[in-house]
Every structure is written in structure tokens, then in C-alpha cells.
Amino acid sequence: MVALIGSTGWAAPSAEAVAKLGKDLTPLGAEQKGNADGSIPAWTGGNPAPPPGWKVGDPRPDPFKDDKKLFSIDAGNIDKYKSKLPEGQIHLLKNKPGYRMDVYQTRRSCAYPNWYYERTKANAGKARIAADGFQIEDVVGGAVPFPIPESGAEAVWNHKLRWTGVGKIEHYTTIFSTKGGDFGRLKQKQYVMTPLSDPKVESTKQVDGLEWQIFNEVVDPPSRVGEIILALNYTDRPSGDAWMYFPGQRRVRRMPTFSYDNPVPGYENLEMVDQYPMYAGAIDRYDWKLVGKQEIYVPYNNYKFRQRRADLKEIYGPEYTNRDLMRYELHRVWKVEGTVKSGMRHNAAKRVFYIDEDSWQILHADLYDAQGKLWRVQEATIWTAWELPACVSQEFVSYDLSVDRYIGENATQDSPETDWLAVQEGRVTKAKFDPGELRRAGER
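So the sequence shown is numbered by our numbering: it starts at 32 and just counts up by one.
Worth double-checking, as some hints may not be accurate.
[What the hints assert, rightly or not] Derived pair list, reagent style DSS-like, types lysine-lysine, alpha-carbon separation capped at 25 Å:
id, residue 1, residue 2
1, LYS127, LYS381
2, LYS111, LYS324
3, LYS125, LYS404
4, LYS335, LYS100
[Said to hold, decoys possible] Simulated restraints on C-beta separations:
id, residue 1, residue 2, range
5, GLU118, GLU456, 39 to 47 Å
6, ALA67, LEU343, 36 to 44 Å
7, GLY297, GLU149, 41 to 49 Å
8, GLY88, GLY65, 33 to 41 Å
9, GLY107, GLY297, 34 to 42 Å
10, ASP239, HIS202, 25 to 33 Å
Hints in this document: simulated from the structure, not taken from any laboratory.
Beta carbons are placed, not taken as given, at the ideal position from N, Cα and C, and that holds for glycine.
Build out the structure end to end from the sequences listed, making use of the hints.
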């Protein structure tokens, strides 16, 4: 059942509430107990250890491969389950022939380092939303800023600053579906740093207000090889900085509009800048309401979906992703609604996020246009990277209902495993994220 929670004003959680972290609440603020009928179990520490024999860099085995499907949801039985489904999933089930959701046993598998738990509790109540309603203040690195959120803005910041290591190197493909049943592909190599994930950071000033840094290079198709984008997002200003290297011109140009609802260059108008990954944009154009907790079916423990495959057509179909590979579980999520502020504009006039209580990852998002019509539907996968350990997300899908196409983002299934320890072990440094590096990299 959803409970309305006010979204105006700011108040630190009480000492009594903070004391519940690690007791009635998990160390990151989720309810430790299961639900009334036992379909959601209690959190008992998650699954931080890999299966025997696995080592970093190996393909990831599915620790839950022996779980049996409990049931499927499709257009024929949707009424039985619609109270536990977002509107976007209901639309897909009703309007995409053959679309279904296979539901499995709920596994509360998310786990994180003990230092992250301790740092979150020690700093609970210190971070705050600034007077402008969107910037974040007094936040430290390596901690959930608002483990006991009192507003929608706080919950969104928890997603934006969720811990997935300090950075990574990833190889992936972006999929663009077509009406003919085939799809376009864009292969990329991406370097990422998230300075506020570092437990040594005691203030945003220490990292110049940086939220994250991305250096992204196109490696295929040949017509776009060498295109590079450098993007920086901040905690203390609404818009970030971005530059692009054009190999044909051998020039670096600043991108004045790489933010909000501007389309990602070369993405066939299927993704806005702030849709990546799921949501990473400035939050200043929306009024955010923390609607409350809800139990819904969401993608979870999606090891099978992201296992290595040479042919992405086994995964990404003409209308939607392969239903035999997707795993859904019943989980508690925070429901957050964002409505464009009076006097502001955004192509997504309203957004509804469903944020996993155990990881602070947005697992489902429904986007509405200015007429209040459902426009885009997003869902993200989630699984545990044992080398961190942390629950992480890469593959996500966005269905554009207005053009009846979808984009499959961060598809890693035909690529080398992601290097989640790249920053900790020195394979990526902050020097990578200098605009001068674009020209140097492009001319190599």
C-alpha cells in the first residue's frame, strides 16, 4: 500500500530513526523484515560472495540458475496482478503481442562493503537538499546521503549517488530497434569516474562538486569510429559540461546543450541526455513527491539476461527483449513522482520512478508527455558485482510508445566483462577526463 509523504521543507531524521539503521532497517535504510505473506523475505545480508571458482574477469555465473519460475504475467491474466505493476508494464503487456513477465522467487541479494554501511550510518542526517530545492549540500563520499528519505528529491539523489565502485571501464553496444525487425548498433568504450563514491572524500568541494565523469568513444560502425564525448555532471549546479571530438574535422567542440531533454547525439532521437542511465540529470526542473513504498514486480538478479552471447539478436527482438531471459521478482520500491515546475519546460512533463529499497537503483520509470499521455517506458536490470561488492546495473531498455521503437542501452553481452576496479587499481585516473584528452585520444 502506498503512503503519501510530504515533499516540502527539510528536516534531518531523528536520532531514534538513525539508530534503526542496521536493526529494524538495513544499513542502507530498507525495511529489514519481509512482507506480511512472506513473498518478500527479510534481508539477511545479501549475497556478497561469488560462486566457488569464479574470479574477476570471468563470465558471471547465475547463482540462482536452479530457481523455478513461479508464474508468468501476460495479457490474459494481467488483471490479477495489475496492483503490483507500474503503468508502463501494464501498457506493454496489453499492447505488445507475446510480451510477458516471468516471476521468480524474491532474492534480496544486494550487499555492500561493511565500511559503506558504517559510513552511511555515521553520516546519516548530515546531507541536505539546499534552499533552492535541487542541489545537495554537506554530502560525503562513500555513503547513502539520505538513508531515511523525507522527500522525493532526497530519494532521487540516493539513486544518483548510489555506490557502484569509484569508476569503471566498460565495453557495450547500444541497440536501436527498427520496424523491420532488425536493429542498428553502436559499439562504444566508456571510462567512468564517480568521485563521491570515494570514502576519502569529505565534501563536494574536495572534488570540485563533481558527481560523475564519462569519457565515451565510438568503436563501431566504421562511419562513426573515433567520435568521443566527455561529459561532467555536478552536485552544485543544474547543468554539466560536455565536449565532443569530431574525427572528420579533428576538432574538439564544447556542447552547450548536453543536458535535460536534449537528444543524445546519434541516438536516433530515442534517448534524452538525462535518461542515461535511467536518470542522471539535474533535478531542478521538477517538483519531486515521495509517494511512498509499494510492492511491485521488477527486474532483479538478471544474470541470465546479461550472459555472454555472440549474437545480440538472441536477446534483442524487433518489439522487445527476449522474454525467456528476463527475470522479475517482487520487491519493495520507493515510488517518486516528478512533475515539471511552473515556468519550466521538459519533453517529459512527468516522470514516475520506482527505486529499489535495497540498492537505491531506479528499476522502472514511466515518462509522460505534456498531454499526460504515457510516452516512454524504461526498465533496468540489476545484479551483484561480487568484486566490489555492490548491486550494479548496466543493461536497460527504453520503449518509445510514440514511434513504436525501443533503445537497448549498455548491452554488454557481446563484449568483455566490465572492469569495476579500474579506478581503485589505477587503470583510470582523473587525467582521462580533461578536454585535452579528447584530441589526444582521437589522433592516436
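(request) Hints the structure violates: just list their numbers, smallest first. (result) none
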